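> Can you make the complete structure from the sequences, with help from the hints?
The chain contents come next:
There are 2 protein chains.
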Amino acid sequence: MLKDFESKKRQDSAQVSEETKELQMQLLGQQQLLMQAKIPVIVMIEGWAAAGKGSLIKELISELDPRFYHVVSPKVLHEYEERQPFLCQYMQAIPVNGKVTFYDSGWMENVVRKYLRHEITKEDYRNRIREVNEVERQLRDSGYMIIKIFLHIEKRKQYERLYRLTEDSRTEWRVDREDLMQHKEYKRFMEAYDDFIEKTGGTIGWHILDGSHNKIAVRDALKLLVQKIDIAVKEGRYEGQPIEEEFPLKEMPKLSEVDLSQTMDDEEYKKELKKLQTKLSELHNVIYRKKIPVILCYEGWDAAGKGGNIRRVTYALDPRGFDVHPIASPLPHELNRQYLWRFWTKLPRTGHVCIFDRTWYGRVMVERLEGFCTENEWKRAYNEINEFERMLTEWGAVVLKFWIHIDKDVQLERFNHREQTPEKQWKITEEDWRNREKWDEYEIAVDELLQKTSTKNAPWYIIESNDKKYARIKTLRIIVKALEKACEKHFKQMME
Amino acid sequence: MLKDFESKKRQDSAQVSEETKELQMQLLGQQQLLMQAKIPVIVMIEGWAAAGKGSLIKELISELDPRFYHVVSPKVLHEYEERQPFLCQYMQAIPVNGKVTFYDSGWMENVVRKYLRHEITKEDYRNRIREVNEVERQLRDSGYMIIKIFLHIEKRKQYERLYRLTEDSRTEWRVDREDLMQHKEYKRFMEAYDDFIEKTGGTIGWHILDGSHNKIAVRDALKLLVQKIDIAVKEGRYEGQPIEEEFPLKEMPKLSEVDLSQTMDDEEYKKELKKLQTKLSELHNVIYRKKIPVILCYEGWDAAGKGGNIRRVTYALDPRGFDVHPIASPLPHELNRQYLWRFWTKLPRTGHVCIFDRTWYGRVMVERLEGFCTENEWKRAYNEINEFERMLTEWGAVVLKFWIHIDKDVQLERFNHREQTPEKQWKITEEDWRNREKWDEYEIAVDELLQKTSTKNAPWYIIESNDKKYARIKTLRIIVKALEKACEKHFKQMME
Chain A
16 MLKDFESKKR
26 QDSAQVSEET
36 KELQMQLLGQ
46 QQLLMQAKIP
56 VIVMIEGWAA
66 AGKGSLIKEL
76 ISELDPRFYH
86 VVSPKVLHEY
96 EERQPFLCQY
106 MQAIPVNGKV
116 TFYDSGWMEN
126 VVRKYLRHEI
136 TKEDYRNRIR
146 EVNEVERQLR
156 DSGYMIIKIF
166 LHIEKRKQYE
176 RLYRLTEDSR
186 TEWRVDREDL
196 MQHKEYKRFM
206 EAYDDFIEKT
216 GGTIGWHILD
226 GSHNKIAVRD
236 ALKLLVQKID
246 IAVKEGRYEG
256 QPIEEEFPLK
266 EMPKLSEVDL
276 SQTMDDEEYK
286 KELKKLQTKL
296 SELHNVIYRK
306 KIPVILCYEG
316 WDAAGKGGNI
326 RRVTYALDPR
336 GFDVHPIASP
346 LPHELNRQYL
356 WRFWTKLPRT
366 GHVCIFDRTW
376 YGRVMVERLE
386 GFCTENEWKR
396 AYNEINEFER
406 MLTEWGAVVL
416 KFWIHIDKDV
426 QLERFNHREQ
436 TPEKQWKITE
446 EDWRNREKWD
456 EYEIAVDELL
466 QKTSTKNAPW
476 YIIESNDKKY
486 ARIKTLRIIV
496 KALEKACEKH
506 FKQMME
Chain B
16 MLKDFESKKR
26 QDSAQVSEET
36 KELQMQLLGQ
46 QQLLMQAKIP
56 VIVMIEGWAA
66 AGKGSLIKEL
76 ISELDPRFYH
86 VVSPKVLHEY
96 EERQPFLCQY
106 MQAIPVNGKV
116 TFYDSGWMEN
126 VVRKYLRHEI
136 TKEDYRNRIR
146 EVNEVERQLR
156 DSGYMIIKIF
166 LHIEKRKQYE
176 RLYRLTEDSR
186 TEWRVDREDL
196 MQHKEYKRFM
206 EAYDDFIEKT
216 GGTIGWHILD
226 GSHNKIAVRD
236 ALKLLVQKID
246 IAVKEGRYEG
256 QPIEEEFPLK
266 EMPKLSEVDL
276 SQTMDDEEYK
286 KELKKLQTKL
296 SELHNVIYRK
306 KIPVILCYEG
316 WDAAGKGGNI
326 RRVTYALDPR
336 GFDVHPIASP
346 LPHELNRQYL
356 WRFWTKLPRT
366 GHVCIFDRTW
376 YGRVMVERLE
386 GFCTENEWKR
396 AYNEINEFER
406 MLTEWGAVVL
416 KFWIHIDKDV
426 QLERFNHREQ
436 TPEKQWKITE
446 EDWRNREKWD
456 EYEIAVDELL
466 QKTSTKNAPW
476 YIIESNDKKY
486 ARIKTLRIIV
496 KALEKACEKH
506 FKQMME
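The listed protein sequences correspond, in order, to chains A and B.
Residue numbering for the first sequence follows the numbering used here, beginning at 16 and increasing consecutively.
Residue numbering for the second sequence follows the numbering used here, beginning at 16 and increasing consecutively.
Hints in this document: simulated from the structure, not taken from any laboratory.
Keep in mind that a hint or two might mislead.
In this list, chains with the same sequence are indistinguishable; a pair is considered to hold if it fits within one copy or across any two.
[To be verified] No more than 30 Å apart at the CA atoms, straight line, and that leaves these computed lysine-lysine pairs for BS3-like:
| # | residue 1 | residue 2 |
| --- | --- | --- |
| 1 | LYS90 | LYS129 |
| 2 | LYS290 | LYS199 |
| 3 | LYS36 | LYS439 |
| 4 | LYS442 | LYS53 |
| 5 | LYS238 | LYS439 |
| 6 | LYS36 | LYS442 |
| 7 | LYS306 | LYS90 |
| 8 | LYS290 | LYS172 |
| 9 | LYS361 | LYS496 |
Here the structure is a predicted model, which is why all the values come from computation and not from measurement.
Here you go:
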C-alpha cells in the first residue's frame, strides 16, 4: 500500500530519456495493433495534487495520432451540483474499440473527494466503491483494457511543488483551494486513497508510480502501457463469463399465466384518466423541486400499445421536464462501445423524467434471439443490468419497468388493422411479421428476463393491454403511486 | 407589430376544442409525409413569461409519436457563465431530416434578455441579431422549415397569471425573479421584443399569437403548423441559391505561385521549437485564464505533414485544455442535419484550444469534387462558412486556418516511403492514390476557397511543408503571434 511504497531508484537522466523516447515509439507502433484487435483502452491517471498527472499524460500522448486517443479531465462537482449519477461523465467518455481514453483523474478522485468533503455518507461511499468495482468488471468483461495508475508523492514533495506553482504568477491559478486543503490534510487523504485502492484492486489491479521524479514516472508508465497492450494484443479481446449475483427479487408470473381479460369502459376510463393525469401533473412539480430523477422503461409486444400508453403519461408532464428516448438498433459508434453506453448517455438529470421506448433489455431479447451478441454476452447482461439499475436507484432514481402485454390473436388483429388503415401503414413492417413468427422464442426470453431482473428496487410490471384503456390506467396508477412514495421517502431520508 | 396587435376573437369553447382535436390528428398524419419528404422542422415558441408557452407545446405534441419530435428548453445563462457561442445550444438541438424540434424559448429570448440585463453591448446586440438572421437563412437554405411563434399577453393578463401561480404553493416555484422583473419592466421588454421581431422578420416571418385565450392560441398554432407543413410537403425541400456577401479579405497567392524551397536545418529547428513551445505553453495559461477560445484549422494535401505539425503544437499545451477533432466522412446522423452541425457540436469552451484535423472546408473540396453535395450547396458554403467564422470571432475566438502545402513530387516520395515502411503502411490507402490523381481539380478548388474565405478575422496561412521542420516552426510562430495579439486585445476590450 501507499504507506509502504517507496521508490528510491536513481538513474542516469540521459538513459531514462532515451528509454522514454523508445517506448513512445513503441506505443505509437501499437496504435494499429490495437485498432486491428479492436481493443478499447482506458487509462486512469489518479494521484495527488501536483503529482504531475497532466505532464505525465502529455508525455504518454506526445507521439500518438490524435485520431487514436482522447484526454478527458472530469470535474469533481459538489454533490448538490451533480445532476447525473457520479459515474456518468466517466462512462460517457469511454473509448470506441481500438482507441484510448486517458482520464486526468478518474472515479477514484470523485468518490474520495466527496467522501472527505462529507458530501456523501459512509453508506454512499461503500455503495460507490461497489459500483466502481462493478463498472470496471463490466467494462473488462466486454473487452475493455483498463490501466489504473496512482501517481504518488510524499507530503514534503507536494509542499515544494505547490509552493513553486504559487510563487510563479503564471502558474499560480493552477493551484486551487482544494489542492491546498489536500496538502493540509495530507494524512486524511492518504488514508482515504489507501482505503479506496485496497477496496478496488480486486478486479483491476492498481499501479502505484513514484511521481517525485517526473522523468522516471513517465518512463515507468510508458513501460507499463506498452507491456499491457502487448499482452492484450497477443491474447485478443477478453470476454467475461456470466456471473450470478443474488438480488432481492419480486416474484413474477409467467406470461402465459397472465389474465388478459380485463377491460375498462369508456366512462370510467375518461374519469380515471383525468384524475390520474391531474395527480401526475402535480407530482411532476414535486419531483422537479425535490430533484428526484424518474426513469420509465417500456417494453412489450409489437402493437401492444406502447406509444399510446406513453403519450397518456407525457400528456400529464411539463414538456420542459421530460424526454422520450425511442430506442432503435444501435448505430455504428454505439456498437463500438460497451452496450450500455448508449443508455449512460441518455440518463435524465435530477428532477427530470426520462422515458425509454424500448430499453437495454434489447440485449436479452432481440440481440439474444437474432444472434447480434454472443451467448456469454446476453447471459452476462442480466447481472450487468441489475447492477446498472441498482446504481440508478442508489443515485435516487425511481425506476419502473413496464411489459406491455397482449396475446397473439390481438396482435394479429392490430397488425391487420394497421395494414388496412392508410395512416397507420408506416407502423407495420416486414420485421414485425418476422418477429411475430418468433413469438414463442420471445416468450421464453421475456419470461426469463422478468424472472431475473425484477428487482425490488427496479421492478417489472406486466400491463395487460388487450384493452388499451385498461392498460393506460393501470400504468398511470403505478407511476402515481411510485412517485408519491418516492416523495415521502425523500423527505424521510433528508431527515435521517 | 405587438403594440398594434389585438385579438378579440370569441368563439364557442366546444367548437375550438373540436377543431383542435381535428388539427392534432392532421398533424399526426403529417408525420409520415415529413419523413418521406425529409424536411426537418424547427418550431420556436417565444413570448412573455406566463404566456403559456409550455402548455402550448404540450398540446402541439400531445398526439405525436415521441420518435418524431424533441422538445428543448434552453436556459438563458448569464453571459459570463456561457462557455460557448450563444447560438451553440440552439444549433446543437436542430432536428434530423423529417423530424421536429420544439424550442421552449429560442434565440430571441437569449439575445433580448442578455441585452436588457446589460450583459452584452449595443454592438453585440446588433451582431447577434445579424447572426440570428444568418443562421435562420442558412437553415432555411439547406431545407429546414422554421416556424417562429411569439405568444403575446398584455401586462394585465401577465399580472393575473403570475399572481395565480405565486399564490399556489404547488406552482409558486415556477415563477422566478426574472419573470417578476419582466413584469415590472413590461414596457422595456415590449420595446425590446418589438425591436427584435422587426429586425428578424425579413427572412423567416413571425407569427404573433394571442396567449390570453389558451385554447384559441393552441388551435391557431396548430392551424399554422398544419398549413405550413402542408405547403412544405407539397413543394418539397427548399434549396437556397448561393449569395455573395462582401467580407474584408486578406490577399492570397495561388498555390502554384508559392515558393516551396524553404528549409530549416536541424540545429535551428530544435532551438526554435523549444523556444516557441515554451512560449506557447505560457500563452496557454494566459488564454485559459482570460477565457479566450482558440480554434486551429488544419487542411492540406495528403502526406503534407498535418499530423506531425499538430503534435508539435499540442505538445506545448496542457492536455486538460485542448481537444483535437479528426474529421472523417460524416456519419448518417450528421448527414441528416445541416452540414455545419457536426462542427457546432465540437466548438471549444472559452479558454480552451480546439484543433480540427480537417474541417468544414471539406464541403468545398472533397464534397464538391466527389459530388457528395449539389452545386448550389458548395457554392453557398463560401458565404455560410465566412458567416460561421465571423460568428466565432465575434464570440471572441482566435480562428487560424492552415493550408499545409507540398508539391506533387514530394507527395509521391512520401506515399512511396509510407508504402515501404511497415509501421506507416496504415497511413496510406487506395483513397490517397485516387485523390492524388485529382490533384489538379483539388488545386482549383483550394485556390478558390483560399481566395473566398481568407477573411481578415479568420485568415488562411499557407504553410510550406516540403520541409516539415520549416513548416512546424512557421505554424508555431503564427500561433504564438496571434495569441499574443489576442491577449493584448482582450485587455484593451475589457477597458473600453
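> Could you run down the list of hints and mark each one as holding or not?
So, going through the hints one by one against the coordinates:
1. Within a single copy, LYS90 and LYS129 get their C-alpha atoms as close as 12 Å, and across copies as close as 28 Å, so both meet the 30 Å cut-off.
2. For the identical chains of this complex, LYS290 and LYS199 are neighbours neither inside a copy (58 Å) nor across copies (37 Å), given an alpha-carbon limit of 30 Å.
3. In this assembly of identical chains, LYS36 and LYS439 lie within 30 Å of each other by CA distance solely across copies; the values are 18 Å between and 64 Å within a copy.
4. Taking the closest pair of Cα atoms, LYS442 and LYS53 come within 30 Å of each other only across two copies (18 Å); inside a single copy the shortest separation is 37 Å, beyond that limit.
5. Taking the shortest alpha-carbon separations for LYS238 and LYS439, only the inter-copy value of 22 Å comes in at or below 30 Å, while the best intra-copy value is 61 Å.
6. For the identical chains of this complex, LYS36 and LYS442 are inter-copy neighbours only, at 21 Å across copies versus 60 Å inside a copy, given an alpha-carbon limit of 30 Å.
7. Within a single copy, LYS306 and LYS90 get their C-alpha atoms as close as 21 Å, and across copies as close as 17 Å, so both meet the 30 Å cut-off.
8. When the C-alpha separation of LYS290 and LYS172 is checked against a cutoff of 30 Å, the pair qualifies only between copies, where the shortest distance is 28 Å, while the shortest distance within a copy is 66 Å.
9. Taking identical chains as interchangeable, the C-alpha atoms of LYS361 and LYS496 lie at most 30 Å apart only when both belong to the same chain, with a minimum of 25 Å there against 42 Å between chains.
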